[in-house]
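Novice: Letter by letter, the chains look like this.
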Amino acid sequence: MRTLILAAVASLVLCAPAQAQRLAGVRPDVASDEGGLWAVSDKTEGSARQSAELDRDPALNAYVRDVACKVARDHCADIRVYVMDRPFFNATMAPNGYTEVWSGTLLRAADEAQLAFVLGHEVSHFDRNHSLLSWRRKKSTSNAMMVLSAGVAVVGVAAASSATTYDGASSILDATRSLIDVVYLTGMASLFAYGRENESEADRLGLDRAAHAGYAPSAGTELWRAQMGETQASDFKRVRTSGTRTNIFASHPLDAERIAALQENLKSLPNTGETGRARHRAAIRPHLATWLRDDLRRRDFGQTLHLIGRLAADGEDLGVLNFYRGEAHRQRRGEGDLTSARDAYLAAAAYPDAPVAVWRELGDLRRKASDAAGAKAAYETYLAKASTAEDAWIVQDSLNSLTSGK
Amino acid sequence: MRRVLAAMAACLFLAACTTTSTQLAVKDGPKPAAGARIILIQPDVHLAVLTASGLQDPRADWSQQGKDNLTAEMSSSLQARAHQFRMINPEGAMEGRTGQLLRLNEAVTKSIPYGYIPTKKGSFDWTIGDGAQALGSAYDADYALFVTARGSYASGGRVVAMIGFAALGVSVPLGNQYAMASLVDLRTGRIVWYNTALAGPNADMRQPQGAKSLVAAMLKDAPL
Chain A
188 MRTLILAAVA
198 SLVLCAPAQA
208 QRLAGVRPDV
218 ASDEGGLWAV
228 SDKTEGSARQ
238 SAELDRDPAL
248 NAYVRDVACK
258 VARDHCADIR
268 VYVMDRPFFN
278 ATMAPNGYTE
288 VWSGTLLRAA
298 DEAQLAFVLG
308 HEVSHFDRNH
318 SLLSWRRKKS
328 TSNAMMVLSA
338 GVAVVGVAAA
348 SSATTYDGAS
358 SILDATRSLI
368 DVVYLTGMAS
378 LFAYGRENES
388 EADRLGLDRA
398 AHAGYAPSAG
408 TELWRAQMGE
418 TQASDFKRVR
428 TSGTRTNIFA
438 SHPLDAERIA
448 ALQENLKSLP
458 NTGETGRARH
468 RAAIRPHLAT
478 WLRDDLRRRD
488 FGQTLHLIGR
498 LAADGEDLGV
508 LNFYRGEAHR
518 QRRGEGDLTS
528 ARDAYLAAAA
538 YPDAPVAVWR
548 ELGDLRRKAS
558 DAAGAKAAYE
568 TYLAKASTAE
578 DAWIVQDSLN
588 SLTSGK
Chain B
34 MRRVLAAMAA
44 CLFLAACTTT
54 STQLAVKDGP
64 KPAAGARIIL
74 IQPDVHLAVL
84 TASGLQDPRA
94 DWSQQGKDNL
104 TAEMSSSLQA
114 RAHQFRMINP
124 EGAMEGRTGQ
134 LLRLNEAVTK
144 SIPYGYIPTK
154 KGSFDWTIGD
164 GAQALGSAYD
174 ADYALFVTAR
184 GSYASGGRVV
194 AMIGFAALGV
204 SVPLGNQYAM
214 ASLVDLRTGR
224 IVWYNTALAG
234 PNADMRQPQG
244 AKSLVAAMLK
254 DAPL
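Taken in sequence, the protein lines are chains A and B. Heads up: the first sequence is residues 188 to 593, going by our numbering. Heads up: the second sequence is residues 34 to 257, going by our numbering.
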């Protein structure tokens, strides 16, 4: 039955034109449906430009813009990249070429090649008009669903009215109602399937774009593997199992399926190219502390710790990274977390890039553990390093109470 | 059959006039003094086609026509009044403090028609706060007049669906268009007057003549 309805929806949906590539520098006709979408996107872009979450650091923006242009090639002038300080792994592309890269993505891309893959994916959505085609598909599918539901209703009502018993009529109407639901659900599922096809195509073309710009093509699979690792590291069971289950209403393919498809594509690409690891790290280094603090606000400490583990793999920025490792443990308050927090703060303190807050937190932890001498030493170090800090008086007060033995 | 025709005629008759709902902060309160300086923020217009199944398909060209027509009509109908009007393009004012005020005003006026804020029931005391003074000093003005227009027009398919579903006893709405106007006292931030005009068939803002009748309805009770 489902196949029959699927076929009916498909036959009523107007055939989408072949997914042609966009010409560079062309604005759509203002009277077209595409022109309408662009006007709405222009407005959204206007509010993004004013957003408090917009990261305005010129060096960071220049870096992301540069990578975007390398993969966008002749669409370089068509796209505008906005870095948003949002602690999630996400990037978006609007029909008019306005694209957002969230700080959570910059933090999770291990190198420039992985960022290039993400941007290549988004540029491919633009180049292949995916948002316009999805919108057209949505319009025709919902029209088709309406016509089919009406047809089912007419037949059902006619059948019910010719039924000879009340029970007969009411069971025909029940069947009619559930058939209308099936029509609706089948239509929705076909829309999501179309979304998944677009995502897979953007993955393939994005990888192609990144590889042609001279980036290592293994970046795509590496990025998705890291994402799977982070999903598994979640504190929440619901998140951990989300990556292994699929359903017909998913808008994106499963990570594992994406990796398999990308590995297939790898075969046709030269296995050379640079990763740009050092350049990427240099670009995000000034933001590590802020972005990690934002990431803690998601309150999935298992994921944050996994992320910090990846960032620490090369032995760089260990003062900042160990401090936030300590913060994640301290805020989680699970079994053994306080000990892990203390160890992480201690590790951080050995590096020149450790934030001064390391010594305040160490002082608090030691004080709780009744290590008065250790706490005093830590508080004194904090005050020596941050005598003008806003909370210096609080730390001074804690120190005084330790000294006076209260 | 006759009853159906009568009902249809009544529908058409009801739809034939543009309806308005005016709200004043203070009934018969003080009006802007003669010679008051009023800035008119260029209308914010968004129009769409209503597809057969009821999705709104944005039409940038109609939005632009609507905006042009409303802007022209507002300018000419307000010129004749006792105040000084000046048109401001919000595109150039979205930066900094003035931009924040424009967005705040948008959020506040959007909340008025829904009436879901319990403390606002039975009284009309909306304000964007005395921070509005920043807008007044930036543009050397006493009042600001905002106009927002939204709407959708039924596609051919939607009309067919309406007729078809009417036979099944299901009513399918065919799009509507409306314009909202609010007058803000820039010294106090209070919204002193607010009106919504629901367009009838002779008030299509895509045509200059239609915009004229829509603006006339919208400004009918304005304290200007």
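Warning: the hint list may mix true and false statements.
[To be verified] Covered stretches of chain B (in silico footprint by chain A; criterion: 3 or more residues with CB under 8 angstroms from a CB of chain A, positions within the stretch not fixed): (1) 127-140; (2) 163-172; (3) 210-222.
[Stated by the list, open to error] Covered stretches of chain A, going by a simulated chain B footprint (3 or more residues, C-beta under 8 angstroms): (4) 325-334; (5) 479-491.
Honestly, the hints are just simulated from the structure, not real lab data. Don't be surprised by glycine CBs; every beta carbon is placed ideally from N, CA and C.
Novice: Now tell me if each hint is right for this structure.
Specialist: Now for the hints, and whether the structure bears them out:
{"no.": "1", "hint": "127-140", "verdict": "holds (count 4)"}
{"no.": "2", "hint": "163-172", "verdict": "violated (count 0)"}
{"no.": "3", "hint": "210-222", "verdict": "violated (count 0)"}
{"no.": "4", "hint": "325-334", "verdict": "holds (count 6)"}
{"no.": "5", "hint": "479-491", "verdict": "violated (count 0)"}
Comparing the model with each numbered hint stated earlier shows that hints 2, 3, 5 do not hold.
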